[in-house]
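**Student:** Here is how the chains run, residue by residue.
There are 2 protein chains.
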Amino acid sequence: MDLNTMIQAMAKDAKQSARLLRVAKRAEKDAALAFMAERILSNKEEIIRINTKDITLAREKGLNPAMIDRLTLDEKTISSMIHGLQEVAALPDPIGEVTGMWKRPNGLQVGQIRIPLGVIGFIYESRPNVTVDAAALCLKSGNAVLLKGGSEAIHSNLILNEIVSEALKKANLPEKSIQVIPFKEHEAVGILLSMDEYVDIIIPRGGEGLISFVAENSKIPVLKHFKGVCHVYVDEFADLQMAREICFNAKVQRPGVCNAMETMLVHKNVASSFLPGMIEDFTSAGVEIRACENTLRLIPNLILAKDSDWPAEYLDLILTVKIVEDMDEAMDHIERYGSHHTESIVTNDYGRSKEFLEKVDASVVLINASTRFNDGFELGLGAEIGINTSKLHAYGPMSLKELTTTKFIVYGSGQVRT
Amino acid sequence: MDLNTMIQAMAKDAKQSARLLRVAKRAEKDAALAFMAERILSNKEEIIRINTKDITLAREKGLNPAMIDRLTLDEKTISSMIHGLQEVAALPDPIGEVTGMWKRPNGLQVGQIRIPLGVIGFIYESRPNVTVDAAALCLKSGNAVLLKGGSEAIHSNLILNEIVSEALKKANLPEKSIQVIPFKEHEAVGILLSMDEYVDIIIPRGGEGLISFVAENSKIPVLKHFKGVCHVYVDEFADLQMAREICFNAKVQRPGVCNAMETMLVHKNVASSFLPGMIEDFTSAGVEIRACENTLRLIPNLILAKDSDWPAEYLDLILTVKIVEDMDEAMDHIERYGSHHTESIVTNDYGRSKEFLEKVDASVVLINASTRFNDGFELGLGAEIGINTSKLHAYGPMSLKELTTTKFIVYGSGQVRT
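Those protein sequences? They're chains A and B, same order as listed. Quick note on numbering: the working numbering labels position 148 of the first sequence as 141, and the sequence is numbered without any gaps. Quick note on numbering: the working numbering labels position 82 of the second sequence as 75, and the sequence is numbered without any gaps.
Any given hint could turn out to be false.
Identical copies carry no separate label here, and so any pair may be met within one copy or between two of them.
Computed list of lysine to aspartate or glutamate pairs in EDC-like fashion (alpha-carbon distance at most 20 Å, straight line) [stated by the list, open to error]:
{"#": "1", "residue 1": "Lys212", "residue 2": "Glu201"}
{"#": "2", "residue 1": "Lys394", "residue 2": "Glu90"}
{"#": "3", "residue 1": "Lys299", "residue 2": "Asp325"}
{"#": "4", "residue 1": "Lys347", "residue 2": "Glu90"}
{"#": "5", "residue 1": "Lys400", "residue 2": "Glu348"}
{"#": "6", "residue 1": "Lys177", "residue 2": "Glu68"}
{"#": "7", "residue 1": "Lys400", "residue 2": "Glu328"}
{"#": "8", "residue 1": "Lys352", "residue 2": "Glu39"}
{"#": "9", "residue 1": "Lys18", "residue 2": "Asp(-5)"}
{"#": "10", "residue 1": "Lys352", "residue 2": "Glu68"}
{"#": "11", "residue 1": "Lys394", "residue 2": "Asp368"}
{"#": "12", "residue 1": "Lys8", "residue 2": "Asp189"}
{"#": "13", "residue 1": "Lys5", "residue 2": "Glu53"}
{"#": "14", "residue 1": "Lys212", "residue 2": "Asp189"}
{"#": "15", "residue 1": "Lys220", "residue 2": "Glu201"}
{"#": "16", "residue 1": "Lys352", "residue 2": "Asp342"}
{"#": "17", "residue 1": "Lys96", "residue 2": "Glu68"}
{"#": "18", "residue 1": "Lys352", "residue 2": "Asp86"}
For the record, the hints were derived by calculation from the structure and aren't laboratory data.
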């Protein structure tokens, strides 16, 4: 059998499983999640042993330490996987919620009810814990899932798949609801992306290269998250101490993630009182500042930002700084360079806060808070599967609800159309 | 300038307009809609005169009478356009609705607010009235729109665009919010589908050929509606008189539309009491019946259905009929041949109705009502722009709300992440 035939067979199995899964009870899904947690715990040594195989091979291939780190399953990552499963089990079941119901003049009772999407294709990179996290969210939301992780994690992913399947079986749910695609060939991704007859949606999670490849090659709709070029605008009416804490947190608390600040925009009227201390905080924390000419006039010895800096997502301790004439210039800058991810304003002015919130086009817009709050848990949605920066289907962090849709239900008593 | 450069310029203008439109007030949008209605009325003779040009050219090219009919703007279609504009103006503004708001333990107040999608690319066939209908829905939902209609309607579409632009200007809204792409070249569609930098979503409306072409060639997400292969299942516990009326209505009331019934599934226990009278009704109304072998045993002289009949969307006075062993067989048939559009059961059994409603995967599932109710107006949503049979973003009729998304808004007081 060729790769195409084998992946097609898996996709068919997924679709059949999805039909059963969409009517599965919450108790069954939560039981499966609990069994998964139990089995991961009791097979911890085995998982770590097999993961070591992946790590050894990765070292031989010369993967860098950051990638090895992401690949590694140890006591800590395993207990966080288990904790994640328990958390998802504790979340309410989104399926079956009636989001609205009304009566028509002819007596028809019309409603909308939440249902699963069907089959999700999840494409990710080397973290094997994502296999379990994604499987849990898909299962809880009643979706079957085909998981295609990075080839360097293949052995870890397969042992996790085995454990997960046993748990599904024990909970009387279809074993093929969750399937790791067991092929290392890169071709497998392209084949998965062509299975539009069986797969309803593709969610890629990883670097820009992976996401662009998926978006360009998929015959199936893709929920994508390109990049996070997030700004904080410090208004002339900001509490400057608050602004200093928010900006520092947005840049420094975890610079390698998509909701970290990449550019700080400062109103010209507070530039001289705000910037010197703020930039001292940043440089003390090892942040490299790339600034506009006006900032350089105020604080020499900084690097002059190039045109290519403004749209850049550094994911690192690098920050661009720009002094703006007014809030309009700040919003123009965000409109031009922002990535529809996370934008924040610091101000005590009522009108400015209202205007910024209304006009800025991003999945999360904040007043007087750090950009780092764009996260499923932090916003109170529970575990998330990624952040969608395209406006289709869901905008922002995607949690259980975003893995569903609604269908119309109509209760009649013999109505016909005239 | 080549076609690509010209369409890109239009798309850029649309994106700029969208930025203004997303904060437009309801009063401004409704005023523009009212001005459109007024101007269409006062320019009626001119519109009809220009439309005649399109019709003459279409006749010369040998277009069939059905296409000429769709192309024609007369007193009746024009007053229905005007009525449509007034109806959309009367609908509530979806933009700005806060769909939820909650407080986090750290005091952050988190909400979701409804916003427009941005720029919509609308691709359709020869009906020029769709130009105005689509423009109205896009405007009311705060979206800019690029309209690419069939080339045979070009003169009609351009005069309507002129009227619509004047109305926008008079209402102080950006004139480029609504733009008809003025090129007859088929190439223009492909170019529009490549403008992912400016266009957020593509909505095609037309035959299967157009929709497949758009889906396969678009770099932009597409909301698609492939076809409506709709079933009515007559259960053994149906009120047979009610079933007869519902099935007749579903097939005959307007056979050329996507929510008409294509296949009638009948429980074996009521086949002999139900089918003879029902089929007499159908044949009297000129419906050609293509039936399964069991039906033929009961009523000879019908055409035997071929394998290719079950997945067919006839859009005509043709009906396939199948006797099933039980509801499971009916649901299996729907799962296999249905198009996720509209499915109906006729039954007086509580358990069967509940099970069918839950298990059947279609954008609208009805109990004891005609499939013909899958329609924005009939379901109480107001005017619709099409029916989405893929599960992404919206499932079922797409009205104003479905042309929007939500963003997260966060009211903080200095919160940082720890």
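**Student:** Compare the structure with the hints numbered earlier in the document and write down the numbers of the violated ones, lowest to highest.
**Tutor:** Violated hints: 6, 8, 9, 10, 13 and 17; rest satisfied.
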